[in-house]
Amino acid sequence: MIYRQIDTGEPLDQGDILDGCPILWIAGYDKDDLRAVETITTCERVIILTQTCDLANRKATAITVAVVRDAQALVEQHVVKASDIKGPIRAGRVWGWYFLPKSIELGVAEMIVDLRQLHTVRLDLLTALCLRGQRRGRLQPLYREHLAKHFADTYSRIGLPEPYPTD
Amino acid sequence: MSMSLTEALKQVKLEPGKTYQCQVNGYSVEVRVSVAAVPPPSVEKQPRSVGAGAPATEVEPESSDFEDFVMLDPWVQLPEPPAAFYLETELGEPDPPFIPEIPEEEFEA
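Here the protein sequences line up with chains A and B, keeping their order.
Position 63, counted from 1, in the first sequence is what the numbering used here calls 63; the numbers after and before it change by one each time, with no gaps.
Position 108, counted from 1, in the second sequence is what the numbering used here calls 108; the numbers after and before it change by one each time, with no gaps.
Worth flagging that the hints you see were computed from the coordinates, not collected in a lab.
From a predicted model like this one, the values you see are computed outputs, not experimental measurements.
Glycine included, C-beta positions come from ideal geometry on N, C-alpha and C.
Hints should not be assumed to be uniformly reliable.
Unchecked claim - Residues from chain A that face chain B, not an exhaustive set, calculated with beta carbons under 7 Å:
(1) 7
(2) 8
(3) 11
(4) 35
(5) 38
(6) 39
(7) 42
(8) 43
(9) 61
(10) 93
(11) 94
(12) 95
(13) 118
(14) 121
(15) 151
(16) 152
Unchecked claim - What follows is a list of derived Cβ distance ranges for each label pair:
(17) B:63 to A:101: 55 to 61 Å
(18) B:86 to A:159: 21 to 27 Å
(19) A:77 to B:68: 47 to 53 Å
(20) A:166 to B:86: 50 to 56 Å
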């Protein structure tokens, strides 16, 4: 079992999946006056990426989350093909996209964690979501470390301007 | 009945170092015999005149069984979700950085 259901009062941890988290996006701005911007607020399913030790020691008040997208919806929007999901995305071969399988127990369909769009959310806001029963579940150890490794590799990889000669 | 050159020569007693000449169908044929350094190829080479002048065809390297293991960069940016509501915001003061409590023993050398 890759997921586990969590009691409402249990502290937050890396790999927690929460529904309805408010996320702010900058929708528009005046390049001559950046003091005021137009923002969009959406309520998203997110997964916590902040390290377990930072959460456990209360060393973090700003929590890093990634938006979790419904895989089927992305297929229907023609953003990705179903074969892309069944192939390289599910195999973890696309930098920045992490596949999460469906779970009948949690009531979630196949999902893609978008590690290329990160957000910071206040700890107390996420705690409030948990108390409201909006924590869907938790990615179990080993799987969440696998996600964390993919997250780290996405941002630590070194891109070469061109392949070096091998002759 | 057609027979390959290899099969035909197998029926002839050949000695290394010797050169044999004969005429076949009005053509002069010379066979020079030497000890093969490598095992003879199983397929006879085409006469040189067939491909004369043409560049040698490069043989495609055999594909690896692990080509599918190469990591890919995303080919599209996932779109932003549909907006729940719009809001115009004003510039404000950022939250102060969080400074964790550092235990006393951390300062002891």
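Each hint, compared with the structure:
Taken as an interface hint, residue 7 of chain A does not check out: its beta carbon lies about 27 Å from the nearest beta carbon of chain B, beyond 7 Å. The restraint placing residue 8 of chain A at the interface with chain B is violated, with a minimum CB-CB distance near 24 Å, outside the 7 Å limit. Annotation: interface hint on residue 11 of chain A violated; nearest CB of chain B at approximately 17 Å, more than 7 Å. A hinted interface residue such as residue 35 of chain A counts as satisfied when its beta carbon comes closer than 7 Å to some beta carbon of chain B; here the least separation is about 4 Å, so the hint holds.
Checking residue 38 of chain A against chain B: minimum C-beta separation of about 5 Å stays under 7 Å; hint holds. Below 7 Å, beta-carbon pairs count as interface contacts, and residue 39 of chain A has one with chain B at about 5 Å; its hint therefore holds. Interface restraint check for residue 42 of chain A: the shortest CB-CB distance to chain B comes to about 5 Å, inside 7 Å, so the restraint holds. For residue 43 of chain A, the shortest C-beta to C-beta distance to chain B is roughly 6 Å, which falls under 7 Å, so the interface hint holds.
Interface hint at residue 61 of chain A: satisfied, since its Cβ lies 5 Å from the closest Cβ of chain B, which is below the 7 Å cut-off. Given the 7 Å rule on beta carbons, the hint for residue 93 of chain A holds: about 5 Å separates it from the nearest Cβ of chain B. Among the interface hints, the one on residue 94 of chain A holds; its C-beta lies about 5 Å from the nearest C-beta in chain B, closer than the 7 Å criterion. A distance limit of 7 Å between C-beta atoms decides the matter here; for residue 95 of chain A the minimum to chain B is near 6 Å, and the interface restraint holds.
Proximity of residue 118 of chain A to chain B is violated relative to the hint, the smallest CB-CB distance being about 13 Å (cut-off 7 Å). A distance limit of 7 Å between C-beta atoms decides the matter here; for residue 121 of chain A the minimum to chain B is near 12 Å, and the interface restraint is violated. Interface hint at residue 151 of chain A: violated, since its Cβ lies 14 Å from the closest Cβ of chain B, which is beyond the 7 Å cut-off. For residue 152 of chain A, the interface hint is violated, since its Cβ never comes within 7 Å of a Cβ in chain B; the closest pair sits about 14 Å apart.
Between residue 63 of chain B and residue 101 of chain A the Cβ separation comes to about 30 Å, which falls outside the hinted range of 55 to 61 Å. Between residue 86 of chain B and residue 159 of chain A the beta carbons are some 36 Å apart, a value that contradicts the proposed interval 21 to 27 Å. Roughly 26 Å separates the CB atoms of residue 77 of chain A and residue 68 of chain B, a value that falls outside the hinted 47 to 53 Å. A C-beta distance of roughly 53 Å is found between residue 166 of chain A and residue 86 of chain B, which places it inside the suggested range of 50 to 56 Å.
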